[in-house]
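Trainee: Whenever a hint applies, use it, and build me the whole structure from the sequences.
One-letter residues, chain by chain:
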Amino acid sequence: MVLMVCVLFLLPDLRGPKDEDFFSRHEFGELPVLVGGRLKPFDTVARNSLMIIHGKQTLRKNGKSISAIEWLMNVMMRPEVAKDDELFVINHSDVLGMMGWKKSQKKYFSWSELEPHLDEILRQAKLADAVDSQVRSPFQREIVKLQERLELYHRLKNSLRVEEDVDFVKEIALFEKTLMPGAKAFLAKKKGLPFEQKNLELWEEFNNRYQFLAEVAYVFPIPPENGQPLSSWTSIGHNLLEAVTQKPISPMVKEYAAMVSAYRNVAPVEFDQHLSEAMRIIHSQFPDTVFRARYECRFNHFEPFYKCMTLYVLVFVLICFAWLGSSASLHRSAYMVLFLAFLVHTAGLVTRMYLQGRPPVTNLYSSAIFIGWGVVLLGLILEKIYKDGIGGVTASILGFITLLIAHHLSGDGDTMEMLRAVLDTNFWLATHVVCITLGYASTFLAGFLALMYIFRGMLTRSLDKQNAQSLARMVYGIVCFATLFSFVGTILGGIWADQSWGRFWGWDPKENGALLIVLWNAIILHARWGGMIKQKGLMVMAVFGNIVTSFSWFGVNMLGVGLHSYGFIDKAFFWLSTFVVSQLLLMMIGALPDRYWRSFAKPKR
Amino acid sequence: MLESIIKAFTSLKLTVICLGLAIILVFMGTIAQVDLGIHAAQQKYFQTFFVYWSPANRGWRIPVFPGGHLIGGVLFLNLIAAHIYRFQMKWKKTGIFLLHLGIFLLLLGGLLTEWLSTESQMRIHEGETKNYSESLDAIELIIVDTSSPDLDEVVSIPDRFLVPHQVIQHPQLPFRLNVVNFFPNSTLGHRKDESEPSVVTQGFGKTLSVTEAPRATKVNEADVPTIIVEIVGVEGSLGTWLCSTALMERQHFYYQDKSYEIQLRQKRYYKPYSIKLLHFAHDQYDGTDIPKNFSSKIHLVNSEKKEDREVLIYMNNPLRYEGETYYQAGFEKDNHTTVLQVVHNPSWITPYLACSMVGLGLVIQFSMHLFNFGRKKRA
Chain A
0 MVLMVCVLFL
10 LPDLRGPKDE
20 DFFSRHEFGE
30 LPVLVGGRLK
40 PFDTVARNSL
50 MIIHGKQTLR
60 KNGKSISAIE
70 WLMNVMMRPE
80 VAKDDELFVI
90 NHSDVLGMMG
100 WKKSQKKYFS
110 WSELEPHLDE
120 ILRQAKLADA
130 VDSQVRSPFQ
140 REIVKLQERL
150 ELYHRLKNSL
160 RVEEDVDFVK
170 EIALFEKTLM
180 PGAKAFLAKK
190 KGLPFEQKNL
200 ELWEEFNNRY
210 QFLAEVAYVF
220 PIPPENGQPL
230 SSWTSIGHNL
240 LEAVTQKPIS
250 PMVKEYAAMV
260 SAYRNVAPVE
270 FDQHLSEAMR
280 IIHSQFPDTV
290 FRARYECRFN
300 HFEPFYKCMT
310 LYVLVFVLIC
320 FAWLGSSASL
330 HRSAYMVLFL
340 AFLVHTAGLV
350 TRMYLQGRPP
360 VTNLYSSAIF
370 IGWGVVLLGL
380 ILEKIYKDGI
390 GGVTASILGF
400 ITLLIAHHLS
410 GDGDTMEMLR
420 AVLDTNFWLA
430 THVVCITLGY
440 ASTFLAGFLA
450 LMYIFRGMLT
460 RSLDKQNAQS
470 LARMVYGIVC
480 FATLFSFVGT
490 ILGGIWADQS
500 WGRFWGWDPK
510 ENGALLIVLW
520 NAIILHARWG
530 GMIKQKGLMV
540 MAVFGNIVTS
550 FSWFGVNMLG
560 VGLHSYGFID
570 KAFFWLSTFV
580 VSQLLLMMIG
590 ALPDRYWRSF
600 AKPKR
Chain B
0 MLESIIKAFT
10 SLKLTVICLG
20 LAIILVFMGT
30 IAQVDLGIHA
40 AQQKYFQTFF
50 VYWSPANRGW
60 RIPVFPGGHL
70 IGGVLFLNLI
80 AAHIYRFQMK
90 WKKTGIFLLH
100 LGIFLLLLGG
110 LLTEWLSTES
120 QMRIHEGETK
130 NYSESLDAIE
140 LIIVDTSSPD
150 LDEVVSIPDR
160 FLVPHQVIQH
170 PQLPFRLNVV
180 NFFPNSTLGH
190 RKDESEPSVV
200 TQGFGKTLSV
210 TEAPRATKVN
220 EADVPTIIVE
230 IVGVEGSLGT
240 WLCSTALMER
250 QHFYYQDKSY
260 EIQLRQKRYY
270 KPYSIKLLHF
280 AHDQYDGTDI
290 PKNFSSKIHL
300 VNSEKKEDRE
310 VLIYMNNPLR
320 YEGETYYQAG
330 FEKDNHTTVL
340 QVVHNPSWIT
350 PYLACSMVGL
360 GLVIQFSMHL
370 FNFGRKKRA
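Chains A and B are the protein sequences, given in the same order.
At position 293 of the first sequence the residue is numbered 292 (numbering that gives the first Met the number 0), and the sequence of numbers has no breaks.
At position 133 of the second sequence the residue is numbered 132 (numbering that gives the first Met the number 0), and the sequence of numbers has no breaks.
The reader is advised that the hints may include incorrect statements.
[As the list claims (entries may be wrong)] Here are the simulated SDA-like cross-link-like pairs (lysine to any residue), alpha carbons at most 25 Å apart as the crow flies:
| hint | chain 1 | residue 1 | chain 2 | residue 2 |
| --- | --- | --- | --- | --- |
| 1 | B | K291 | A | K533 |
| 2 | B | K129 | A | P267 |
| 3 | B | K296 | A | F426 |
| 4 | B | K291 | A | L428 |
| 5 | A | K533 | B | L11 |
For the record, the hints were derived by calculation from the structure and aren't laboratory data.
Mentor: The following block contains the structure:
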């Protein structure tokens with residue numbers, strides 16, 4: 000029953016989006032373009048850009064929610080409409096004060112509100128830019144961010160055409176007409192012969208115009224001529240500039256121009272005609288690229304990881320109810336839903352791998368997704384063996400948390416960005432990185448299982464001897480697993496380092512972080528083998544594993560030194576500290592003597 | 000008595016204590032990198048028997064925590080002692096034994112690497128040929144006898160002698176050197192106040208001022224050491240020179256009808272072969288500034304071994320040659336100069352061996368656990 004409902008919950012979004020008005024916006028979103036070195040659909044560009052600028056994937060306008068692609072189309076083709084969209088988030092009161100605004104209810108500001116202050120923002124950002132990014136003041140960080148967002152917006156606006164109220168189709172027609180006489184006039188002037196001044200001026204004006212367009216454009220939508228490498232897509236400005244040197248204008252430029260004009264003139268039929276013609280042109284040359292772009296749009300729309308989060312919450316609730324009412328059927332359905340969530344999670348993961356052509360973990364975002372996946376897989380196995388809901392609940396909590404973390408890590412833009420030169424090796428990404436990440440996942444799982452032990456033993460009477468023992472066995476087993484994976488992962492990392500930097504071990508922060516996990520797991524195992532800790536000691540130590548792992552995962556990145564750091568994360572520091580403190584408190588609670596534990600206290604007579 | 004010592008050294012408690020201390024040490028050593036930089040932190044915490052604390056301006060060194068060598072050493076002894084003492088020839092113990100043997104080798108390999116390996120860099124412009132690499136931190140003061148037209152005679156004074164008030168006398172030199180001052184890191188500027196007499200009386204240094212700077216801590220920063228040295232012959236002082244790694248040119252002087260040159264430079268390691276940079280490439284993804292690949296095309300010539308070939312060095316693909324490994328480590332802003340990391344590490348194989356042993360040991364051990372667990376579960 001429950002499973003059916005869940006499947007019904009997933010199904011509708013598998014079919015792809017529908018457009019509410021006459022323009023085929025989502026089909027426009029499927030057009031592949033080159034941005035950030037990767038070919039991706041416009042839809043992804045729209046979502047990522049809106050995420051960077053606005054912090055969300057949709058925009059609320061006049062009480063209505065508009066999609067990212069609609070917003071982007073307005074920015075690119077009808078900037079006069081988009082400029083009033085309130086989307087630039089400004090939180091810092093000094094930044095607001097700089098523009099003469101008070102901190103009030105309003106959080107989001109539009110381009111037209113910010114436009115008068117552009118010079119000052121740029122000046123301040125330049126001042127801040129000279130300061131090392133790690134020692135910038137909050138004001139400086141905020142202003143640099145705002146400037147980056149404004150720049151992105153400006154580049155998007157001037158991606159397809161120079162932002163001006165002229166008909167783009169007519170503009171290009173005029174440009175084509177100007178080309179020959181203009182070039183003649185230019186050559187004549189060079190040779191000192193008589194020439195038509197008007198032709199030359201117009202020609203030079205176009206030249207400057209497209210120079211600007213080529214420099215500013217964020218999106219590269221023009222596919223290369225046949226026979227050129229797949230990656231050498233260019234911007235419209237670039238293609239038009241090439242026309243000056245007698246190269247033909249790409250038919251794609253004309254299609255885009257026609258789409259812009261049709262969109263501006265609210266002519267949906269015409270727009271659709273040129274859209275399908277554009278699609279046909281790309282498809283005829285790069286059918287695979289088009290397929291991928293369409294697939295990515297589906298993936299974006301389906302939002303598998305959000306769906307998973309909902310399902311994990313459901314699993315959690317179901318198991319809690321099953322425990323309260325000790326209902327076997329609820330339990331079974333929880334297991335089925337967890338399995339379904341795992342399938343969706345896996346599908347999301349595999350899709351990302353397919354789209355990127357890479358092993359699962361390539362950056363911090365994907366590490367969060369993968370940790371969640373690993374934990375849920377292990378949780379399912381535990382659930383299969385013990386059938387007591389513990390593994391399921393823990394997996395659902397961790398699955399939810401890691402996906403939430405991933406969601407908050409996605410604000411920097413494309414989560415499938417291209418890899419820097421050092422990381423550009425699928426072999427080591429598939430071995431070292433996967434092992435290390437599985438090590439993180441299992442250490443977290445052990446830690447959270449231990450938390451379950453503490454909560455259950457502290458707050459309820461349900462942790463009898465048998466339950467406690469089976470939990471201890473689970474934690475022990477997972478710690479063994481964690482030791483194996485983190486050790487092997489660390490070592491593989493050493494070998495990679497030896498292969499590419501010439502040293503096996505360099506005491507780099509990320510290496511040290513991995514070493515800490517190995518050492519801590521080794522301590523737990525030795526302390527247990529030596530009889531130094533019993534069940535409760537094992538649990539408390541496993542909780543500390545959470546702290547060690549979170550330090551290794553996030554903490555070392557905040558140090559900002561070493562070859563491994565991928566940049567400072569402001570807000571994350573707060574959350575990391577909160578998490579560490581909470582774990583320390585829970586460890587203290589876990590270390591309380593038996594009489595404070597509801598499950599262990601001897602009943603009073 | 001003896002028994003209790005043996006017991007202490009073979010106990011698991013000692014293992015756990017050492018591992019616990021190791022965790023604290025690694026954590027401290029990681030955090031310290033923010034202020035000290037990776038290299039200094041490594042020396043302060045890991046490559047030492049004790050971590051010292053020096054109260055400001057007192058010159059004391061108080062050991063406050065066991066360092067990497069001490070913890071590693073005790074773990075090492077603990078490991079050997081425990082295995083000798085409690086060794087049992089049982090199949091059940093194969094995994095445990097193998098993995099601990101691997102750890103043993105890993106610790107040993109770490110020590111060997113620290114002792115035997117040297118790292119240096121080779122910085123070559125396109126078209127340039129070099130037959131030496133330069134140390135990153137070690138420096139040398141060289142005195143070159145250039146009197147003979149065919150052969151320069153070089154005397155190199157390593158950096159351990161370059162401390163203030165040190166008097167250096169070398170059998171090959173007819174004069175001695177008095178180190179007046181030495182700055183591990185410094186900034187050079189032009190002397191503004193010409194009225195006050197400078198300590199430096201000879202060479203380029205006369206017009207320069209030197210101020211001490213804090214040691215470089217960041218990955219892409221380097222120290223600029225400067226030395227002020229007086230040269231004293233039999234008849235008396237020849238003058239005082241300022242030498243710094245910031246000065247590219249050698250400074251000339253004459254003594255007893257012979258011409259000499261003096262220079263402070265990064266320590267050099269000469270090779271019996273030469274490397275010429277043909278081309279350096281720095282590729283980026285289209286439309287971005289994300290680096291896609293760095294590569295150096297070089298020409299390797301070793302006349303003794305009759306080798307004369309071209310090699311492409313790029314990310315994750317170093318050149319291994321004559322016991323040394325050349326990695327693509329960096330480049331200079333002009334995009335025509337490559338920086339190759341040159342590593343000489345004779346014990347490079349130990350971690351590979353050690354790791355396969357530990358990995359195998361862990362797998363054996365935990366699969367046995369899993370097997371037993373499965374059996375219990377079924378029972």
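Trainee: Compare the structure with each hint and give your call.
Mentor: Outcome of the hint check:
{"no.": "1", "hint": "K291/B - K533/A", "result": "violated, 52 Å"}
{"no.": "2", "hint": "K129/B - P267/A", "result": "violated, 67 Å"}
{"no.": "3", "hint": "K296/B - F426/A", "result": "holds, 24 Å"}
{"no.": "4", "hint": "K291/B - L428/A", "result": "holds, 16 Å"}
{"no.": "5", "hint": "K533/A - L11/B", "result": "holds, 15 Å"}
In the structure shown, a violation is registered for the earlier hints numbered 1 and 2, in ascending order.
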